[in-house]
Amino acid sequence: MKKNLKWAAIFGSVLLVCLGVIIFGQFSHGTTSAEIYVDGKLYKVIDDLERQKFQSLRVETEHGYNIICYELGKIWVSESDCANQTCKKYGKASLVGETIICAPHKLVIKIVGTDYDKADVTT
Amino acid sequence: MRNNTTVQKIALIGVLTALSLGIYAVEAQIPVSNIGGIKLGLANVVTLCAMMFAGRLAACCVLGIRIVLAAAFYGTFVSFMFSLVGGVLACAVMCLLIGLFDRKQLWVVSVFGAIAHNTGQLIVAAVISGTGSVLSLAPYLAISAILTGILTGLTAQRLWFSPLKRFRITQTRDGK
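So the protein sequences, as listed, match chains A and B. Note that the numbering used here gives residue 110 to position 110 of the first sequence, counting from 1, and the numbers run on in steps of one. Plus 1000 on top of the position in the second sequence (first one is 1) and you've got the numbering used here.
Pulled out of the complex, with its shape left as it was, chain B reads as follows (with noise of 0.2 Å):
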């Protein structure tokens, strides 16, 4: 029966990724003329549900492979090193919160995520441009990004109550 669960759980880690993958490509193509190029970060909603369905270490995974293969399909070094911190920074934050938050402030777990994640593409920013100066966006980019995690949270938190529910995986279902 483990071997089941693991096996459900590789699949939804799969179908996950590359849904992932699909709406950051989507994404990038908006062509957004805005300040700070502030992006909304809908695959994140694809990170926070593979955190909640499958277990914190499906979402690194998710989050992992996304990272790797939207860098070699539409990425350079520079916007992969961009999006590596920013992403490992905020899966660190959202794998710490979860579990002190119950479902229903998931958003709560978003935003901070969010926060996380501009955090450190702004340290990447200021460490490529070899200038403090890139700091003044600062408070822009926790304007966006406790807007845009309250999108994305909310957003996840609606899929975990709905029928999508009973793809989650849960170590109590194997008998344990």
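Extracted from the complex, chain A is given alone in its bound form (with noise of 0.2 Å):
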């Protein structure tokens, strides 16, 4: 029972960290972007997530397409035409770190924090 409790608090406070990582990450920072990859280098930058309309994006990889939709802050594969459909079924990804992989085709899909500084000078 003692070896229980001791492992339920280590996993716990493993646990706790992670959380306090996620969490730490949603504030921390002014604006979400998403960022694509294809086949390992950065293909396009969508800035300012939250504040876009809905837009769908077609990416053609030597592998196959994805068809991206973006709205609000929330990015999501709705078309793909890769055999294990692993990416429609992420869903919508919205929080910062938060990575979609279509392994298929190489396409990554990360959401990222922008800092304030960064965005005061663009805007």
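None of these hints come from the bench; they were simulated from the model. Any given hint could turn out to be false.
[Unchecked claim] Once the Cα atoms are required to be at most 25 Å apart in a straight line, the calculated DMTMM-like pairs of lysine to aspartate or glutamate come out as:
1. B:K1165 x B:D1102
2. A:K92 x A:E50
3. A:K88 x A:E71
4. A:K88 x A:E60
5. A:K89 x B:E1027
6. A:K88 x B:E1027
7. A:K106 x A:E35
8. A:K74 x A:D39
9. B:K1039 x B:E1027
10. B:K1039 x A:D81
11. A:K92 x B:E1027
12. A:K6 x B:D1102
13. A:K89 x A:D39
14. B:K1009 x B:D1102
15. A:K106 x A:D47
16. A:K44 x A:E60
17. A:K88 x A:E50
18. A:K2 x B:D1102
19. A:K41 x A:E79
20. A:K92 x A:D81
21. A:K74 x A:E35
22. B:K1039 x A:E79
23. A:K3 x B:D1102
24. A:K89 x A:E60
Join the two chains into one complex using the hints; note that each chain is given alone, in its own frame.
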């Protein structure tokens, strides 16, 4: 019983640290932007994701295509001709650090936080 | 008598592999739309049970056959790589740890297995996509590994402390 409690405490604190990292990541920035990588290279950056109206984007890779939609801080893959469809199943990503991976197409969509300073310079 | 144990073991491996393949197939049909494509990993309950009921080697067999068959039936090469690396890492970690904990702490072994599994999948994702940027998923995956690991571990533990226990294959039974 004691051992159970010990391990519960260890895993509980790891859980809290991870939650802390995620929550801290949400508030330590001004706006969010989405980075789309194809084959390890930055393909496109969508700035100011929160203020985007609904839009869809067709990304052609050498292995196939993905249709990426984004709207008001959320981004998701609506269509893909890849075999396992994990990217579609992922659903809508909106939290900083969330990453949609379409492994067969080597496509990665990542949400990152933009610093206040940077946002000020661009506006 | 020793021969008898081997036959029992092979039969048990067959049954458990079929069971885990079935669970895997059903689980793949659940349309989850949540962070990180997180899965419960219910098939891991069967791997853990195999480890307790028939030993480490049997668990490795069950897992290996399940991964190959699942890839052949439902998967692609990419999904095969994901489950292979995750599965091998998880199995190695659980094989090492299962001797160090007693059966009441099985859920701890399961959590470490789940963490190893997710680490493996993250490594494959980083290698295939060619960017280290997928590492930002790590805290999400760690949380999911702990929660799902506890769930599958407690389920396996419950099965061990149940009448099913009499199906276990022990070396003592063949009069050694």
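Here is how each hint holds up against the structure:
| no. | hint | in the structure |
| --- | --- | --- |
| 1 | B:K1165 x B:D1102 | holds, 15 Å |
| 2 | A:K92 x A:E50 | holds, 13 Å |
| 3 | A:K88 x A:E71 | holds, 16 Å |
| 4 | A:K88 x A:E60 | holds, 16 Å |
| 5 | A:K89 x B:E1027 | holds, 13 Å |
| 6 | A:K88 x B:E1027 | holds, 16 Å |
| 7 | A:K106 x A:E35 | holds, 14 Å |
| 8 | A:K74 x A:D39 | holds, 23 Å |
| 9 | B:K1039 x B:E1027 | holds, 8 Å |
| 10 | B:K1039 x A:D81 | holds, 22 Å |
| 11 | A:K92 x B:E1027 | holds, 21 Å |
| 12 | A:K6 x B:D1102 | holds, 14 Å |
| 13 | A:K89 x A:D39 | holds, 21 Å |
| 14 | B:K1009 x B:D1102 | holds, 22 Å |
| 15 | A:K106 x A:D47 | holds, 22 Å |
| 16 | A:K44 x A:E60 | holds, 12 Å |
| 17 | A:K88 x A:E50 | holds, 21 Å |
| 18 | A:K2 x B:D1102 | holds, 13 Å |
| 19 | A:K41 x A:E79 | holds, 21 Å |
| 20 | A:K92 x A:D81 | holds, 18 Å |
| 21 | A:K74 x A:E35 | holds, 13 Å |
| 22 | B:K1039 x A:E79 | holds, 21 Å |
| 23 | A:K3 x B:D1102 | holds, 10 Å |
| 24 | A:K89 x A:E60 | holds, 20 Å |
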